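Participant: Heads up: the sequence lines are chains A and B, in that order. Start counting the first sequence at 0; every next residue gets the next number (numbering that gives the first Met the number 0). Start counting the second sequence at 0; every next residue gets the next number (numbering that gives the first Met the number 0).
Keep in mind that the hints are not guaranteed to be accurate.
Stated by the list, open to error - Simulated crosslink set (DMTMM-like; lysine to aspartate or glutamate; CA at most 25 Å straight-line): (1) B/Lys38 x A/Glu108; (2) B/Lys110 x A/Asp147; (3) A/Lys194 x A/Glu230; (4) B/Lys40 x A/Asp147; (5) B/Lys110 x A/Glu312; (6) A/Lys270 x B/Asp271; (7) B/Lys110 x A/Glu170; (8) A/Lys49 x A/Glu230; (9) A/Lys361 x A/Glu170; (10) B/Lys110 x A/Glu5; (11) B/Lys36 x A/Glu108; (12) A/Lys125 x B/Glu19; (13) B/Lys38 x A/Asp147; (14) B/Lys264 x A/Glu88; (15) B/Lys181 x A/Glu43; (16) A/Lys200 x A/Glu128; (17) B/Lys110 x A/Glu88; (18) B/Lys36 x A/Glu143; (19) A/Lys361 x A/Asp411; (20) A/Lys194 x A/Glu128; (21) B/Lys110 x B/Glu19; (22) B/Lys110 x A/Glu108; (23) A/Lys49 x B/Asp271; (24) A/Lys336 x A/Glu312; (25) B/Lys264 x A/Asp26; (26) A/Lys408 x A/Asp295; (27) B/Lys264 x A/Glu43; (28) A/Lys190 x A/Glu312; (29) B/Lys110 x A/Glu230.
Bear in mind the hints are in silico, worked out from the structure with no lab data behind them. Note that this is a predicted model, so its numbers are computed, not measured.
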Amino acid sequence: MDAAIEIRNLSKVYRLRKTESYISLRDIITQSARNLFKKSKKPEYFFSLKDINFAVMAGERIGIVGHNGAGKSTLLKIISRITPPTSGEALVRGRIGSLLEVGTGFHPELTGRENIYLNGSILGLKKSEINRQLDAIIDFSGIEKFIDTPLKHYSSGMQLRIAFSVAAHLEPEILLIDEVLAVGDMEFQKKCMGKMEEVSKNHGRTILFVSHNLSAVKQLCTRGLLLENGENKLFGDIDTVLQTYRNSYLRKTSRTGVAHYDLGQHPNKIKPGNGLLTAQLLVNNEPAETFIPGSDFKVRAGYYLESPLIDPEAGIVIKDEQYNPIIGLNNKHLGIKLDLKVNEPGQVTISIPAFNIYMPGKYYVDLYLGDQVHYFECLYDAFSFDVLPHDVFHSGEELRPEWNRIFIKNMDIYS
Amino acid sequence: MEKLITHIQPPGRFSLGLRELWQYRELFYFFTWRDIKVKYKQTYLGILWAIIQPLGMMLLFTLLFSRTLKIDTAPVSYPIFVLSGLILWNLFSASISHAGDSMIQNAHIIKKIYFPRLIIPGSAVLLALFDFLIGLLIFLVFCVLYRQSLQWYSVFYFSAGIVIVTLAGFGTGTFLAALNVKYRDFRYMIPFLLQLLFFSSQIIYPLTAVSNDWLKYLLALNPVNSAIDLFRVSFTNAEPDTAVFLIGLVSTSVVFWGGLYYFKKTETFIADLV
Numbered sequence: 000m001d002a003a004i005e006i007r008n009l010s011k012v013y014r015l016r017k018t019e020s021y022i023s024l025r026d027i028i029t030q031s032a033r034n035l036f037k038k039s040k041k042p043e044y045f046f047s048l049k050d051i052n053f054a055v056m057a058g059e060r061i062g063i064v065g066h067n068g069a070g071k072s073t074l075l076k077i078i079s080r081i082t083p084p085t086s087g088e089a090l091v092r093g094r095i096g097s098l099l100e101v102g103t104g105f106h107p108e109l110t111g112r113e114n115i116y117l118n119g120s121i122l123g124l125k126k127s128e129i130n131r132q133l134d135a136i137i138d139f140s141g142i143e144k145f146i147d148t149p150l151k152h153y154s155s156g157m158q159l160r161i162a163f164s165v166a167a168h169l170e171p172e173i174l175l176i177d178e179v180l181a182v183g184d185m186e187f188q189k190k191c192m193g194k195m196e197e198v199s200k201n202h203g204r205t206i207l208f209v210s211h212n213l214s215a216v217k218q219l220c221t222r223g224l225l226l227e228n229g230e231n232k233l234f235g236d237i238d239t240v241l242q243t244y245r246n247s248y249l250r251k252t253s254r255t256g257v258a259h260y261d262l263g264q265h266p267n268k269i270k271p272g273n274g275l276l277t278a279q280l281l282v283n284n285e286p287a288e289t290f291i292p293g294s295d296f297k298v299r300a301g302y303y304l305e306s307p308l309i310d311p312e313a314g315i316v317i318k319d320e321q322y323n324p325i326i327g328l329n330n331k332h333l334g335i336k337l338d339l340k341v342n343e344p345g346q347v348t349i350s351i352p353a354f355n356i357y358m359p360g361k362y363y364v365d366l367y368l369g370d371q372v373h374y375f376e377c378l379y380d381a382f383s384f385d386v387l388p389h390d391v392f393h394s395g396e397e398l399r400p401e402w403n404r405i406f407i408k409n410m411d412i413y414s
Numbered sequence: 000m001e002k003l004i005t006h007i008q009p010p011g012r013f014s015l016g017l018r019e020l021w022q023y024r025e026l027f028y029f030f031t032w033r034d035i036k037v038k039y040k041q042t043y044l045g046i047l048w049a050i051i052q053p054l055g056m057m058l059l060f061t062l063l064f065s066r067t068l069k070i071d072t073a074p075v076s077y078p079i080f081v082l083s084g085l086i087l088w089n090l091f092s093a094s095i096s097h098a099g100d101s102m103i104q105n106a107h108i109i110k111k112i113y114f115p116r117l118i119i120p121g122s123a124v125l126l127a128l129f130d131f132l133i134g135l136l137i138f139l140v141f142c143v144l145y146r147q148s149l150q151w152y153s154v155f156y157f158s159a160g161i162v163i164v165t166l167a168g169f170g171t172g173t174f175l176a177a178l179n180v181k182y183r184d185f186r187y188m189i190p191f192l193l194q195l196l197f198f199s200s201q202i203i204y205p206l207t208a209v210s211n212d213w214l215k216y217l218l219a220l221n222p223v224n225s226a227i228d229l230f231r232v233s234f235t236n237a238e239p240d241t242a243v244f245l246i247g248l249v250s251t252s253v254v255f256w257g258g259l260y261y262f263k264k265t266e267t268f269i270a271d272l273v
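Chain A with its partners taken away, still in its complex shape (with noise of 0.2 Å):
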C-alpha cells in the first residue's frame, strides 16, 4: 500500500527580519539608499525545518511532538499548503483536512448556522455534505437554542463549541491538528477526544496531532516525531518517541533548589514573566523530590499577574507514567473563590492531606491557572516526583503495586 504522506528531504527557510513581518516602501528606499555606500550585508536565514524525512502509512495517527520553535507548525503549513517548502518535497495521497485552528473564518455578523456553512467550506466541506451534517453538527455543539443568533451574541466557550463540532465533522481522509484542545472546558474536550478516536479507529483516518498535551497525544497516536530545531531527532513508536521528549522537557525545567523548579521558561508559557512562574514540592512541609504514600504533599506555585483575572481557577493534574490521571481538579471543584494579587509575586498552594497515592513509580505534574477570558496557561509536566515503596500499613508484607494503586490507611478487614 502508498504511503499517504511521504515527506522528501524537506527543508524551509525564512530570512530573519528585524523588523514587522510585512515591509514599507520607505524600508525599501532606505536600505538601497544605504547599500550604494556600504557594502550590503548579508541577510540572516534560518533554517525552520532541516531535511526532514518520514512516510506516514494510511490510518497511521502521529503525534509531533518538540519544543516552541522546533518546527512542527511549519511542517504541518507545509502539508496543507499554506506555505511552500524552500527545497524539497512532499506527496499526500488523500483530502486534507487542516484543523490549525478552529472556527477559521467565523464571522460575528453572521448567525451560528450561517457560520457553520462558511466554516465548513473553508475547512473543505461542500455544500451537500454541510446540508446533510448540519443536524449531526448543531446537535454535537449543544446551542440549538441560539444558532440562529448572530455569533458576536455568543459567548467565547459557545463560540468555540460550534467551532469544534464543524471540524469534528470533517471528513477527509487526513486530519492535520494542532493544539486544537488546549482550550474549551474539560467536558467539551473530552467529547471531542471522543469524537477524533472514533473517527480515526473506524474510519481508518490518518492523522497528524501536533500538541503539547501528551496525554492527548499518547491517548490518540500510535507513532511520534520529534523535532528539535527544525531536525527529525526521532521518528518512531510514540511511547519512545514521549518518553524521549519528555526527558528533554525536564531538563529544561531547571530546578533552583530542591524540588523548586523554574517554570519561567517552559514551552506552554503564553506570556513570560506572567502566570505560574515556579514550583515547589512539599512533602510533610519539607522540600522533597521524592514522596512517601501517606505523606501530606503540598505543591506552592508562585506566579506573577501583569491583570487581574476573572472569578480565576487554579489546579493541578497527577498523571503516572502511562499517563493516566490520577488526580485533576481546581479550586472551582473545591468551592474556593481565590483571590490573586496583581503586579506583585504570589503564591498559590494545593494541598493534599495524608495523600493515598500507592504505586510506585515516577508521576507528572500538570499546573494551570487563568480564567477561561483574558489568560489561561496550563503547563504540561510542570515537574515530577517519584513515589517510593513504603509498607504502609506497618505490617512487614509488601502491597503488590500492579493490585494497589491506592490505599485506605485505616482499612479494616475484621471477622
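Chain A is already provided as a structure; the job is to place chain B on it using the hints.
Facilitator: Just chain B now, with coordinates in the frame of chain A:
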C-alpha cells in the same frame, strides 16, 4: 473513488490554476455570499445604500454641472448621462478598493487554511458586481422615467462595457492586493489613485469635449473611458471612437494579465508575509 494526490514542491512554473479554482467554486460562492450578507447586515438601511449612493451622486452632479456649468450632453439628458458613467465607475472603484484590501482583511484565514488565493480578490469583485446590478436596475428605471429609448443591440454594448470594467477592476484590484501584502503603503495610495482615475474618466463630462487629441488618447488609457463609451453608444447613437476603444482594450488586457501575473507570483508567499 480515485484518491486525490497532492504533490507539494517549492514554487516553480507560472500557472493560472483554473482547474483548481473550479474545484473550489463553492468556496468562491460562500466568500461572496458572506461579503454581501455582512455588508448589508451591518447597516440600518441595508441594501438601500446600493440605491442611495449612485442616486445622490447623480443628483449632486446634475445640479453642479448641468445647471451651473452647462455641460452639453445632447441628445442625452444629463442625469441619464451621468448615471450611466457613475454605475460603471462604481463597479470599477469598488472592485479596486474591495479587492485591494481583501488579502489583508482575510489574513487570518489565509494564514490558517489553503485554498486558491485568487478566490479572495475574486469574490471582492463579485461583491462589486452585485452592487452594480442594483445600480443597473436603477439606471434602467431612470431610462424609462426620462423616456430614453434603448435599442435591442444595447444589450451587446452594455455587456462589452461591463466586461471591460470588470476585467480592468479585477486586474488592478489583484495587483494592489498582492502589493498591499508586501508594502502596506499601497493601502493609503488606493483612495488617492481612485480619485485620480475618477477625474480622468468621462463620467461628468463627455470625452468628446476634450479637444486636444493627445490628451484624449492619454485619458483613453483609463479603461473606464472606453467602457463608458461603449455603454453610451446605445443612446447617443454616435459611433464609438475606434482609437479610444483600442487603446482602452490594450490597457485593459495589460492591467488584467499584469495584475493576475503579479498576484500569482507572490501568492505562494502571502501566508508568510501577512
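Participant: Which hint numbers doesn't this structure obey?
Facilitator: 2, 3, 5, 9 and 19
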